[in-house]
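Student: Chain residues, written in single-letter form:
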Amino acid sequence: MIYLYQGVALLEINELKQIVEALLIATPEPLTEARFNTCLGDSNSKIPLQEVIRELASDYEKSGRAFFIKEVAGGYQIVTNAEFESYIKGLFSKSGKLRLSQAALETLAIVSYRQPVTRNDIESIRGVSSDSSLRTLLDRKLLEIRGREDGPGRALLYRTSTEFLQYFGLNSVKDLPRLKEVEDILAEDDGELV
Amino acid sequence: MKNQLHRIDLDMFEGPLDLLLFLIKRDELNIYDIPIAQITKDFLEYVNLAKELKLYSAGDFVLMAATLMKIKARMLLPIEANGDDEIEDPRTELMNMLLEYKRYKEATATFSEMERFERPHYYHIPATWSPQQEDNTAILEDVKLYDIMLTFQYLIKNYEEPATHSVAVEEVTLSEQVGFLNGLLQAKAKLSFAGLLEKFDSRLVVVVTFLAILEMLRNRQVKVKQSKLFDDLLISRGSTFGN
Numbered sequence: 001m002i003y004l005y006q007g008v009a010l011l012e013i014n015e016l017k018q019i020v021e022a023l024l025i026a027t028p029e030p031l032t033e034a035r036f037n038t039c040l041g042d043s044n045s046k047i048p049l050q051e052v053i054r055e056l057a058s059d060y061e062k063s064g065r066a067f068f069i070k071e072v073a074g075g076y077q078i079v080t081n082a083e084f085e086s087y088i089k090g091l092f093s094k095s096g097k098l099r100l101s102q103a104a105l106e107t108l109a110i111v112s113y114r115q116p117v118t119r120n121d122i123e124s125i126r127g128v129s130s131d132s133s134l135r136t137l138l139d140r141k142l143l144e145i146r147g148r149e150d151g152p153g154r155a156l157l158y159r160t161s162t163e164f165l166q167y168f169g170l171n172s173v174k175d176l177p178r179l180k181e182v183e184d185i186l187a188e189d190d191g192e193l194v
Numbered sequence: 001m002k003n004q005l006h007r008i009d010l011d012m013f014e015g016p017l018d019l020l021l022f023l024i025k026r027d028e029l030n031i032y033d034i035p036i037a038q039i040t041k042d043f044l045e046y047v048n049l050a051k052e053l054k055l056y057s058a059g060d061f062v063l064m065a066a067t068l069m070k071i072k073a074r075m076l077l078p079i080e081a082n083g084d085d086e087i088e089d090p091r092t093e094l095m096n097m098l099l100e101y102k103r104y105k106e107a108t109a110t111f112s113e114m115e116r117f118e119r120p121h122y123y124h125i126p127a128t129w130s131p132q133q134e135d136n137t138a139i140l141e142d143v144k145l146y147d148i149m150l151t152f153q154y155l156i157k158n159y160e161e162p163a164t165h166s167v168a169v170e171e172v173t174l175s176e177q178v179g180f181l182n183g184l185l186q187a188k189a190k191l192s193f194a195g196l197l198e199k200f201d202s203r204l205v206v207v208v209t210f211l212a213i214l215e216m217l218r219n220r221q222v223k224v225k226q227s228k229l230f231d232d233l234l235i236s237r238g239s240t241f242g243n
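Protein sequences, first through last, are from chains A and B. With the first letter of the first sequence counted as 1, position 186 gets the number 186 in the working numbering; the numbers rise by one all the way through. With the first letter of the second sequence counted as 1, position 43 gets the number 43 in the working numbering; the numbers rise by one all the way through.
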């Protein structure tokens, strides 16, 4: 397959795969279609990144690589296969990734479904002070402050970040199971409420 | 009942709502028709236990205990039918709070599962140095408010007020400092926040100047850049500078 590029040059699929591979290695954040086209220069003919990714992904799979291309936070990134975790851990001083506490997960769940939210919104749902979980989540960049509320007090508003999507392997917050769905699944398990 | 309570691991609850949900589940109570007297009794037993152990977060539990006792008292009062208005059950608010909390608590399990699933995967993250970076102070274009606050906290911690013995009323206002920064930025395209700190001899002036920067940032009179977290803040002219 041959793609038209900048009206004149012709890019062959193998070349494109190499370009995308290079970009995936160097990208500090998920590589989006828009960013990809920016990298290719001012091109009128948009090259479908998804297609190139698919080709590249199947190459990786066939040749048995230790990594794969993950669709996350609206773009693509290279991640290692799960079976190498025990070796990779040795690269870091702490024993692998730290898990989030129950309190932090609760706070995160509330923010992700209700964003943007204020600390007060979170605390009134949880019924406990959530200062320290918010701090942990901000420090780990899973949450970010996005402006202030209009009302009195102009409280800070919290939102989930790109790192949040990466951490949970989500393409977008829309991919989260709806709260109702969670209830349904649990209701099936229990057969009754509570 | 008492023995059962003692077997509860006190750390396992995230708060009073969590404890109530536990009691409801354990005793197979109906969340839509909570036996207030029973649950209040069990709840208070727990709170007393927590007090003995001097749990520092007992405040939230005591508040809930008070709420439960209030509901209990209201349920004992004779109900006065008030025309056609439906009589509100004193438990409604608590029930709604519990149901709301329960939804998120259940969602937390999903998050936990997603975390467990994603944990063994590591992202390929390139080294942070970039070979062709001419201006190595401009790597982090997208400085977040939280980063700026952390940096300020860090810088001011290391800031020592020169020892003086004169007592004077310090007067410095936000608008004065905005004017001061405007003047400096007219003369120089870039200002270093750490450099500014050296010029001041009081914490108050530092704080007010920092507030002035935040104010100007909000009005887009300045831009703030930082090469990495806790690094010096570089202040430059924003899109509305001089307006």
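Hints were generated in silico from the structure; no laboratory data involved. Note that the structure is predicted; figures quoted are calculated from it, not measured. Misleading hints may appear alongside valid ones.
[Claimed, not checked] Calculated pairs, EDC-like style, for lysine to aspartate or glutamate (alpha carbon to alpha carbon, straight line, at most 20 Å): (1) A:K141 x B:E115; (2) A:K174 x B:E113; (3) B:K72 x B:E115; (4) A:K174 x B:E115; (5) A:K141 x B:D231; (6) B:K157 x A:D139; (7) A:K89 x B:D231; (8) A:K46 x A:E61; (9) B:K225 x A:E144.
Student: Are K141 (chain A) and E115 (chain B) close enough, with their CA atoms no more than 20 Å apart?
Tutor: Within the cut-off at roughly 15 Å; holds.
Student: Hint check: K174 (chain A) vs E115 (chain B), CA-CA at most 20 Å. Holds or violated?
Tutor: holds (17 Å)
Student: Does K174 (chain A) pair with E113 (chain B) here, judged by a C-alpha cut-off of 20 Å?
Tutor: holds (17 Å)
Student: Are K46 (chain A) and E61 (chain A) close enough, with their CA atoms no more than 20 Å apart?
Tutor: violated (26 Å)
Student: Can you confirm whether the C-alpha distance between K225 (chain B) and E144 (chain A) stays at or below 20 Å?
Tutor: The given pair, whose Cα atoms are some 18 Å apart, holds under the 20 Å limit.
Student: Does the alpha-carbon distance linking K72 (chain B) and E115 (chain B) stay inside the 20 Å limit?
Tutor: Outside the cut-off at roughly 41 Å; violated.
Student: Run the distance test for K89 (chain A) versus D231 (chain B): straight-line Cα separation, threshold 20 Å.
Tutor: Distance ~29 Å between K89 (chain A) and D231 (chain B) Cα, so the pair is violated.
Student: Holds or violated: K141 (chain A) with D231 (chain B), Cα cutoff 20 Å?
Tutor: Holds, because 17 Å separates the two Cα atoms, which is no more than 20 Å.
Student: Would the pair K157 (chain B) and D139 (chain A) pass a check requiring their Cα atoms to be no farther apart than 20 Å?
Tutor: holds (18 Å)
Of the numbered hints stated above, those contradicted by the structure are hints 3, 7, 8, listed in ascending order.
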